[in-house]
Amino acid sequence: MAAADIAEAPPVAGPAGTGSVGIGLHMRVAWRNLWRNGRRTWLTAGGIAFSIFLCVVFMSFQLGSYDGMIDTATGMMSGHMQVQQVDYFDDPKVANRIAQGSELLRELEQSPDIVAAAPRVEGFALVSVGERSFGGLVMGVDPVREPEVSALSKQIVEGEYLPRADSAYVGKALATNLGLRIGDEIFVMGSALEGGVAAALFTVDGLFDTGQVELDRSIMQVPLSAVQSAFDLGDSVHRIVLMGRNANDATAIAERLAPALPEGVRILDWDKLLPELRQMIQMDAVSGLIIYVLLVAIVALSVANSFTMTVFERTREFGMLIAIGMRPGGIVAMIVIEALCMWVVGTAIGAAISFSLMAGLGVVGVPIAGLEDMAGQFMMPERIHPEVSFFTLGTAPLVLLVGTLVAGLIPALRVRRLKPVEALREEE
Amino acid sequence: MPLKLLLQLSWRNLWRHRRRNGIMVLAIALAVTGVMLMNTLMRGMAAEMREAAIDNLTGHIKVIHPGYMADPGIGRGFEPEQGWEQALADVPVAGWAQRVRVPAVIMSERETRGVQLVGVDPAREAISFLGSLSVDGEALSGAEDRRIIIGATLAEQLETSVGRRLVIMTQGADGLNREAGYRIAGTYDADSNALEKVFVFTGAQTVARLLESPAVTEVSLRLESGDDIPLALAELGAVFEDLDVKAWQDLEPQVASMVLVADFGLYIMYFVIMGALVFGLVNALVTAVMERVRELGMLRALGMRPRSVVAQVVVESTLVMTAGVVAGLALAVVCYLPFSGGIDLSAFSETMQMMGVRNIFTPRLEVADMVIVFVLSLVLGVLASLYPARRAVKVTPLDAMRR
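So the protein sequences, as listed, match chains A and B.
With our numbering, the residue at position 183 of the first sequence is 183, and numbering never jumps.
With our numbering, the residue at position 222 of the second sequence is 222, and numbering never jumps.
Keep in mind that the hints were calculated from the coordinates and are not lab data.
Since we're looking at a predicted model, the values are computed, not measured.
Please note that the accuracy of each hint is not assured.
[Stated by the list, open to error] Here are the simulated DSS-like pairs of lysine-lysine, each with C-alpha atoms no more than 30 Å apart in a straight line: (1) A:K172 x B:K197; (2) A:K154 x A:K172; (3) A:K172 x B:K246.
[Claimed, not checked] Residues of chain A clear of chain B, computed beta-carbon distances all greater than 10 Å: (4) L43; (5) V86; (6) Y161.
[As the list claims (entries may be wrong)] Across the chosen pairs, the derived CB separations fall in these ranges: (7) A:D284 x B:L398: 52 to 62 Å; (8) A:D232 x B:R164: 22 to 32 Å; (9) B:A126 x A:R106: 56 to 66 Å.
Ideal placement from N, C-alpha and C gives every residue a C-beta, glycine not left out.
Given the sequences, and given the hints that come with them, work out the whole structure.
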């Protein structure tokens with residue numbers, strides 16, 4: 001026990017008549033009081049530091065993984081936003097189309113919010129090679145614009161991405177099932193717009209492998225105009241896929257663009273295009289929140305405990321302070337300032353460790369080892385970059401600041417009921 | 001010192017500081033309740049995913065041709081010998097089914113979709129989701145039934161309804177296309193739209209006739225208990241020598257890894273939350289020791305052994321921990337009971353479906369996990385008392401007199 005500290009502490013007394021002391025003096029006294037029991041302060045501050053560290057690390061990773069998930073998921077096929085005929089999302093059939101596709105595409109491309117836009121036409125068709133066949137989604141895309149909105153063109157493992165007007169870009173799994181090689185011809189047959197038969201011949205020029213066998217087996221891409229003419233669609237398209245600068249702006253951009261759209265056409269942001277993504281994030285956020293609340297509650301309780309002990313041990317001291325003229329309010333203030341100092345110490349340690357760790361990892365990213373399977377299924381990126389922002393770094397310390405002050409205040413309020421005479425009689 | 005005296009002493013010491021120890025017990029209880037409730041959610045989720053995966057025509061064990069996964073089709077079919085199930089005489093089997101499952105294209109007058117055509121013997125499908133489906137219209141009557149049942153969502157997409165005809169096109173064993181028209185007996189409502197869009201069921205013999213092949217593509221088994229899987233795998237492996245005999249964990253690796261994550265999740269959450277708590281616990285114990293320097297010194301002067309001093313602190317810590325854990329577990333049970341019947345999670349339906357979980361979600365509070373938490377807490381209680389106990393042993397009669 002640092003007896004020297006007590007000796008050094010100046011007698012606490014305000015200017016006569018006011019019964020209060022200056023804030024500077026309060027701070028000094030509180031700070032010294034804190035170190036009268038250094039072990040306890042370190043342990044309590046350690047608890048604060050530990051939970052700040054955990055909350056900051058978890059929150060950064062959690063939010064960082066959301067951004068990564070959103071970017072990966074929207075970048076795969078859906079884009080940040082899509083313009084569609086109003087019924088197409090619920091009922092994706094060939095007839096639910098946007099009539100003047102290229103005109104609308106040009107208009108959308110001129111919007112300053114839009115970084116990239118690409119039209120798509122989709123129809124379900126039977127893909128056959130010789131006598132073998134398979135059912136799949138045939139996607140007509142613009143070979144120049146499509147790579148700007150979707151990562152599928154980058155998953156190429158063999159050949160080229162749609163070099164000619166009759167090229168087909170096919171999943172490796174489908175190619176294996178059908179016994180296809182680069183240069184082979186495939187025949188595509190589906191139901192066209194007016195119930196007629198849509199048929200077209202393509203040459204396989206490229207193979208992709210996304211790692212998701214079901215996806216690789218069920219879709220193929222071919223040039224837009226070939227599908228438009230095969231399905232009697234003229235200039236119609238089914239989707240115009242849009243990319244903004246940042247996935248988080250999608251909702252705002254969609255709201256800005258909506259009024260300018262022709263009748264019967266609507267814009268959907270990724271939130272609506274991929275509802276499972278938003279829900280997954282919400283579910284994860286809720287479970288994270290439970291852990292944070294528990295951590296903060298437990299640390300607040302431990303701070304409260306620490307101050308309960310402090311206040312009990314110092315009953316005599318407080319009694320004396322009151323006896324020599326200090327107002328109970330002044331003592332409460334002093335204890336709250338002690339709690340504040342405790343928070344400063346804990347936060348300094350917790351923040352120093354976690355902030356520097358996150359600053360480093362935020363740049364490098366952390367690979368998710370061994371979880372590639374799940375990464376594919378749950379739309380996770382291969383590396384998580386923890387998010388370093390005021391929110392992820394600041395929330396835990398600020399919430400704990402409130403928690404610590406409340407935890408200090410409640411035991412401190414007992415001082416107001418203190419009777420100086422009885423307190424002075426109390427055993428040390 | 002006799003244990004009884006030790007306990008008595010520690011117990012009374014704890015009651016000397018009701019408020020402080022009460023706060024600690026509250027904090028521990030809160031932490032334990034939180035961890036347990038999170039755990040019931042994770043366990044429930046994992047169990048639902050596992051059940052859904054097993055129900056989803058997988059079963060506990062499936063026998064398939066080695067090439068079927070890469071190239072699903074009747075070309076990768078096989079003909080199980082009659083009476084193969086005799087090999088499993090010593091493993092309790094809940095049921096088994098032989099199926100023909102091939103990719104197919106289904107066409108209505110207006111729309112075309114890709115599906116999985118599954119030929120079944122309805123009498124044997126109590127082991128899969130097919131057995132408990134609610135069918136609008138009529139269910140399949142037997143393996144000879146020449147009608148089909150399709151998912152309600154698929155029916156909507158195809159703009160068709162019960163009683164109308166659909167054309168199904170698929171490949172025979174020779175690789176040539178087969179095509180036939182079938183009447184819709186009924187439409188089914190499954191927990192997941194994805195299932196409804198994918199599976200089209202008809203009688204096994206109907207598919208055999210279409211494909212001109214008596215082969216099946218899979219034999220699926222459900223055991224009475226998942227614990228028997230390794231034994232059943234070994235015995236089936238001997239019967240189906242040239243085929244792949246696979247457990248559901250191999251067939252649904254993502255689900256299996258989620259179940260594993262739930263196992264680890266308990267420990268991670270426990271140590272994260274309890275880690276924060278230990279600081280407070282150590283703090284309270286050290287304070288208790290430091291307040292009793294006089295008393296401890298006197299006891300030592302009277303001849304109390306250092307071992308007994310250590311024991312006293314350890315027992316105090318363990319008592320606080322036990323009280324907290326028991327309260328926490330009890331609170332967790334109380335919170336859990338109203339939800340043990342299931343929670344309606346339809347607000348999160350798309351994610352739940354994607355992860356193979358039903359809308360009504362049943363959390364699971366497992367006794368084994370409660371035991372784990374209890375034991376871990378006792379260990380933690382002892383660990384937390386080590387430093388305070390060391391501090392207590394250092395107290396000499398001399399220290400006490402100086403106070």
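Here's how the hints hold up against the structure:
1. A:K172 x B:K197: holds, 23 Å
2. A:K154 x A:K172: Between K154 of chain A and K172 of chain A the Cα gap is close to 14 Å, so the pair holds against 30 Å.
3. A:K172 x B:K246: holds, 25 Å
4. L43: Given a closest Cβ separation of 4 Å, the condition is violated.
5. V86: Its Cβ never comes within 10 Å of chain B, the nearest being 17 Å, so this holds.
6. Y161: For Y161 of chain A, whose nearest Cβ neighbour in chain B is about 24 Å away, the distance exceeds 10 Å, so it holds.
7. A:D284 x B:L398: 52 to 62 Å: holds, 58 Å
8. A:D232 x B:R164: 22 to 32 Å: About 25 Å separates the Cβ atoms of D232 of chain A and R164 of chain B, which means 22 to 32 Å holds.
9. B:A126 x A:R106: 56 to 66 Å: Holds, since A126 of chain B and R106 of chain A (Cβ atoms, about 59 Å apart) stay within the stated range.
Against the hints set out earlier in the document, a violation occurs for number 4 only.
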